[in-house]
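Trainee: One-letter residues, chain by chain:
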Amino acid sequence: MIRTIRRYGTLIGIIAVILFFWINIPDTFMTARNWLNISQQVSMLAVTAFTMTIVMAMGDFDLSVGSMASLSGIVAALAFKAGVPVPAAIILALGVGVLGGLINGALVSYVGILPFVATLGTLTIFSGFAFLISGGKTIFGTDIPASFSGFARSGVPLFPAGEQWVFLPYLTLLALIVLLVVWLLLEHTVYGRRLYAIGGNTEAARLAGVRVRFLRFSAFGLTGLGAAAAGLMYASRVASANPTQGSGLMLSAIAAVFLGMTMSEEGEPRVLATFFGVLILGVLDNGLTQMSVDSYVREILVGTIIVLAVASSSLSKLEQR
Amino acid sequence: MIRTIRRYGTLIGIIAVILFFWINIPDTFMTARNWLNISQQVSMLAVTAFTMTIVMAMGDFDLSVGSMASLSGIVAALAFKAGVPVPAAIILALGVGVLGGLINGALVSYVGILPFVATLGTLTIFSGFAFLISGGKTIFGTDIPASFSGFARSGVPLFPAGEQWVFLPYLTLLALIVLLVVWLLLEHTVYGRRLYAIGGNTEAARLAGVRVRFLRFSAFGLTGLGAAAAGLMYASRVASANPTQGSGLMLSAIAAVFLGMTMSEEGEPRVLATFFGVLILGVLDNGLTQMSVDSYVREILVGTIIVLAVASSSLSKLEQR
Amino acid sequence: MNAPILETRKLSKSYAGVPALKDGSLAIAPGEVHALMGENGAGKSTLIRILAGATKPDAGAIFVDGAEVSIEHPSQSRRLGLRFIHQELSVIPELSVAENLFLGRPYPRRFGIFANWRELNRQASKALDALDIGHIIPSRKMARLSLGDQMLVKIAAAFLDEDGEAARVYVMDEPTAALTSEESERLFKVIAGLTARGRSIVYVSHRMDEVMRIADRVSVLRDGETVATRAISSISKAEMIEMMTGRQIAEAYPPRQAAATSGTALSLTGASSSSAHDISFELHAGEILGITGLSGAGQSDILRLVIGADKRTGGGVELDGRTLAGGTPATRWADGIAYVPRERRREGLLPRGSVADNTVLAHLRTLSRAGILRNRRAELKRSADIASRVKLKSTGVTQPVFQLSGGNQQKVVLARAILGAPRVLLLDEPTRGVDVAAKFDIHTLVRELAASGVGILLASSDLSELIGMTDRILVMREGRQVAIVPTDGLTQTRLLALSFGEPA
Amino acid sequence: AGKIAVITPYLSQPGTQFYVEAFQEEAKTNGWDVNVIDTKGDVAAAISRIEDVSTQKVDAIVINVDPAQVAAGLETAKSDGIPVFGMDAGASPLLVTNVTSNGYAMAADTAAYTANRINGKGNVVMFVFDAFPPVQARGVIADAIFKNNPDIKVVERVTPDVSDGGIADSRAKMEAILTAHPEKGSISAVWAAWDQPALGALQAIEAAGRQDEGIVITGIDANPQARDAIAKGSNFEASMAQDFKGIGRATADAVKRHLAGEKIKQSVIYVPTKLVTSANAKE
Ligand SMILES: Nc1ncnc2c1ncn2[C@@H]1O[C@H](COP(=O)(O)OP(=O)(O)OP(=O)(O)O)[C@@H](O)[C@H]1O
Ligand SMILES: Nc1ncnc2c1ncn2[C@@H]1O[C@H](COP(=O)(O)OP(=O)(O)OP(=O)(O)O)[C@@H](O)[C@H]1O
Ligand SMILES: [Mg+2]
Ligand SMILES: [Mg+2]
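Protein chains in written order, with our numbering: chain V, 11 to 331; chain L, 11 to 331; chain R, 2 to 505; chain Y, 1281 to 1563.
These are calculated hints, taken from the structure and not from any lab test.
Just so it is clear, CB atoms sit at the ideal spot from N, CA and C, and this is done for glycine as well.
Each hint should be verified, as a subset may be incorrect.
[As the list claims (entries may be wrong)] Okay, the calculated bits of chain V under chain Y, using three or more residues with CB under 8 Å as the criterion:
{"#": "1", "segment": "65–76"}
{"#": "2", "segment": "137–147"}
{"#": "3", "segment": "204–217"}
{"#": "4", "segment": "249–256"}
[As the list claims (entries may be wrong)] Partial selection, computed: residues in chain Y whose CB lies under 7 Å from chain L:
{"#": "5", "residue": "Ala1371"}
{"#": "6", "residue": "Ala1448"}
{"#": "7", "residue": "Lys1453"}
{"#": "8", "residue": "Ala1460"}
{"#": "9", "residue": "Glu1463"}
{"#": "10", "residue": "Gly1489"}
{"#": "11", "residue": "Asp1492"}
{"#": "12", "residue": "Gln1505"}
Using the sequences and the hints, build the whole thing.
Mentor: Have a look at this one:
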């Protein structure tokens, strides 16, 4: 029983929240339309959180993801402005993400700086670059090609509902693909298992022949790539790029991973659990808005529910002693 | 030699930065006036960082300090508005800080939630309350008593310079007092030494009879108190209170502590080292602004210098292996 | 017998339904050394952790001076006069030696608030001198001490006298596992002094000779139950082993199976790292080469140099005649060198990982599909095979290793090293904390590996193990190699003399 | 009774607060049920909330954010048949109408005031914020006016950190600038694109004891703290009053007319602005 709560406390919390909204917003909450909305709303956070799970598997952090997301959006927008074709601009922006991530990785693994400090430093640097190259301006309007901003507004047609079709938004699809890839990587490849070994005990992993430095280096590159992708998704969704737009992503992504960690038995970050972490954050925002809860009260409730969900699983873990 | 760099890398970095500014801004940088300015500008960050060092000595974090600073400013301002006398309003705001800190402490030590998650949750909650009770508005003007805002504009007269006197600002004095108190607490009381013991090896400390739970609980209370004090200092300096005004403090405070950690032998947080961490951040901002460095480039430089300072000591630590 | 000073009756404790201790009953008389024996995982540490207030029992009672007590927190246990040296080294590396000694106790103070450092260091110095370990400087950071010295500080901490809270029973969980023989001797001297003053000792060790020498009585735990308590004078080693294991085992070393072949597996020529200098030897295929020396002489450092954990600053290393350049542990394992590090918890184990995760860690690629996709089925099968080969006691290969007893954790690290059929095996204290029966199993295994042509380097502080297992022994002193001697005909005394610097 | 959602990422800005309040007052008299949603600077979250209230089928949505950036949400609202109104948002075919002050005129008025007061010559410090499009426009207009005066030199164009509201960082920046320009008269004016930096600059000038050098400070928005400073006759001489309440009321009026079935023809409804100096600051 206690074991069940411990393991499933967070999951039970999510289900309770969903039931609550279903009962209180009977007409609109539990509809395909609304769930697709939610999925699209959280897709950028999801991609950031999924790829953040990669470095967190090693016990590291990446605080720079938000700045990187802003920077990648700005890079793409400036490339558009300079007449670079959309695919090339996207590749450029993703390349900046990988590069920035690898810089983090090099600082952490080859230079030996604590991830917290290294990525705090690069957070400032990336953000500075985003401001510098954009001149601090929001890039919007005709500078952003319609094919780019159209991506976030379209999707794969699923089924007709009345006169309109219901679409699976491309943003949602993209997030699901990233989930699948990160899941395969972390759970089903040698690479992923080694990341978890580093997270378990870095020195033991090194002495057992794990190439700790190279793995940390490369894992940060992947997280940087994810952050850049999230930045592009964001830019596409708001049809503009702004040097601060990713700043909310970092803390939420870390929160989602931690929420997920309460669901795994050993308290390890697992990407499927991160998925539920993202879900709870998205559902709370959506449901509470639909219930016309004051936005500040909503914030307090979200914080409280996070703490309660985590508490339920932590308390029962304490009992175990 | 390598040992020296390892230990003093960050300090050498600070000295290099100061010399650089001295040479490039010969007339105004190395003046008492300017240093007093710097000291006053960083005083709020300093108080936050000094008290953050208390929980970081235990290996914990407090992400909620920024929200708490905002909340305490709002509480005091609303109390002023309601006609509460200044000293009572200040005590009330500090009390909110202690209470919030103890809530963090209870979540971390009695409920057993990771500090990162617990304080991420309360970050949201405190911020929500700050917005809720202020209605999201900035409180300023005649609502703020002159005796309160006057505090940040006055100080202890030091010596005459021309027609004017040079003052030691009260904000600076307050930060120095907090430094002294935290230093005595951490380095010269059994309480402080036990916090370091918890940070070094929690299980060993517990087995040796250290009351780990109570210590963690109370230490968070002290950090909350410091955050609230910083919030009041901030409100006094800007003669107004705004529900987001503390938000920049958290990352900077953690950065300052980490910067300091590079200066201690075993990499543990020490409050005197945190002082230098705060100093480097303040000096960089002041000097680069005086040199008319573009604000975005300044941001990039600050990030780079942080990384370099830390790198110099990390690289030489790697060599040791 | 006098009325017991400390008694436990039917203590029990289960973890997730699996019993760790079922009937822990002990009665400790004043002034005696009471040995607590049992196989790995028998429940000794669990019983001790309950006494220390580190774990809550499910049932049972504890009596001090005949009165029932409840122990909720380590500080309560201390007030009752119990002192502990726990199995896993638990020090605070960031604090000074003196502060580690006074951990959890009131420091001497000034004005009632501030620590009086001078007085603290003085008292610490006194405590260290009393244990004859005055070479340890109280103001030094714990992190700068060797493992053995750290253990001695922990021991000194248990012996620290305090006003008003006189110690009555000292409980020591394998205190000598990390000590050299000279350091152990110091401990025994202190123990003799304490019992002479009427203090009691509960002493856990897997070293039979020690127990026979210093204990007055012995209690044996088997599968979580106290099976007997006997006077040491009325029992033989063989009987004791049979009580522990339920079978008869020779407390001896397995015989050499075949002569070492002559081919060279590993050779070092003037190899150096920052802490081991100018090391040269040839390890033959099938040979077991021991490494000895005083504490801190650099025994471990040779192994760390070979596996690539420490940077090589000079000289050469050849494996099967092939020069190994540069190198990290990753390339060394790939070359066919396997390693059992010295400190299993810090350097060996992923504590939250399962037995399988831990054993396959160094072999993920060989067990994978196409070198990329992990093959979970193969991982589970191979780790189950190897676990049974080292006679691991666990609920299965999916059990997390932090739940295993100390000796079984050691076997997991060993299992990892032999899973890949290595060419050269580096063993640093491979049987530390392993029970008699399992030690025999491990020794047999090492012999078999040698017979199959594996070259083995064995660093151990257990001189009888070195003499019983090796073909030749390399003696280290102050980071330098001083001699390589054939094991045949060596005595422990002679070996110790060599370590102290007597010419070979 | 109608259900109206007001969505903005910028509620902590005093201006936004005023028109939201005025809107709420009007709403009360109309018997509407208003839900004010603040996404705290997050534009994508504003889209999400627009989608959520569309799902909820509110009667009208009022936004205070660039409509081009939230077009994804506006399209959802459109397909759900929910009218969206801009309250100082920006013009867009996806809006019924947008109610706003004339930002170009405001920047032109204060910049021209400054140029006039310093007789078209001297060093000017500008505080700008180009990340926020309406404020960016103010900077561009002021740039043009200063450039048109050959003897005016813009010595610093500062973007303060606004995460704390903008006063504290602007003050620190101004202190450093003053330290870097120590001679009397070396700074003639400070032009700020909104009031907070002007207030920060004023504090810095007073703290440095240089209030008697005749440095002219102007802001835009004329918030109460700024009005106080202007009324006192400090260096902070002028600001522009937008009629925030007017914007809020005019928006409510537009919503009311639309709900009543009237077709609103103007894509932008302008609400007049006014220069505030010590003469009229107390009003
Ligand atoms: N936290 C835990 N969770 C689950 N099982 C545990 C835990 N701690 C100990 N056990 C189990 O309890 C049993 C007894 O372990 P204990 O550490 O008391 O053995 P021991 O006699 O001290 O052995 P050793 O000589 O190897 O140190 C073992 O089977 C072990 O796996
Ligand atoms: N980082 C360090 N700084 C200062 N002294 C150190 C450091 N590391 C080790 N020492 C000291 O160097 C000596 C050699 O340590 P080493 O770890 O090589 O010993 P060892 O041969 O493994 O012996 P054992 O671990 O059994 O004591 C010890 O006396 C130790 O205290
Ligand atoms: Mg044990
Ligand atoms: Mg060693």
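Trainee: Each hint: holds or not?
Mentor: The hints, checked one at a time:
no.: 1; hint: 65–76; result: violated (count 0)
no.: 2; hint: 137–147; result: holds (count 4)
no.: 3; hint: 204–217; result: violated (count 0)
no.: 4; hint: 249–256; result: holds (count 6)
no.: 5; hint: Ala1371; result: violated (27 Å)
no.: 6; hint: Ala1448; result: holds (5 Å)
no.: 7; hint: Lys1453; result: holds (6 Å)
no.: 8; hint: Ala1460; result: holds (4 Å)
no.: 9; hint: Glu1463; result: violated (10 Å)
no.: 10; hint: Gly1489; result: holds (6 Å)
no.: 11; hint: Asp1492; result: violated (12 Å)
no.: 12; hint: Gln1505; result: holds (5 Å)
Hint check: violations occur at hints 1, 3, 5, 9, 11; the rest are consistent with the structure.
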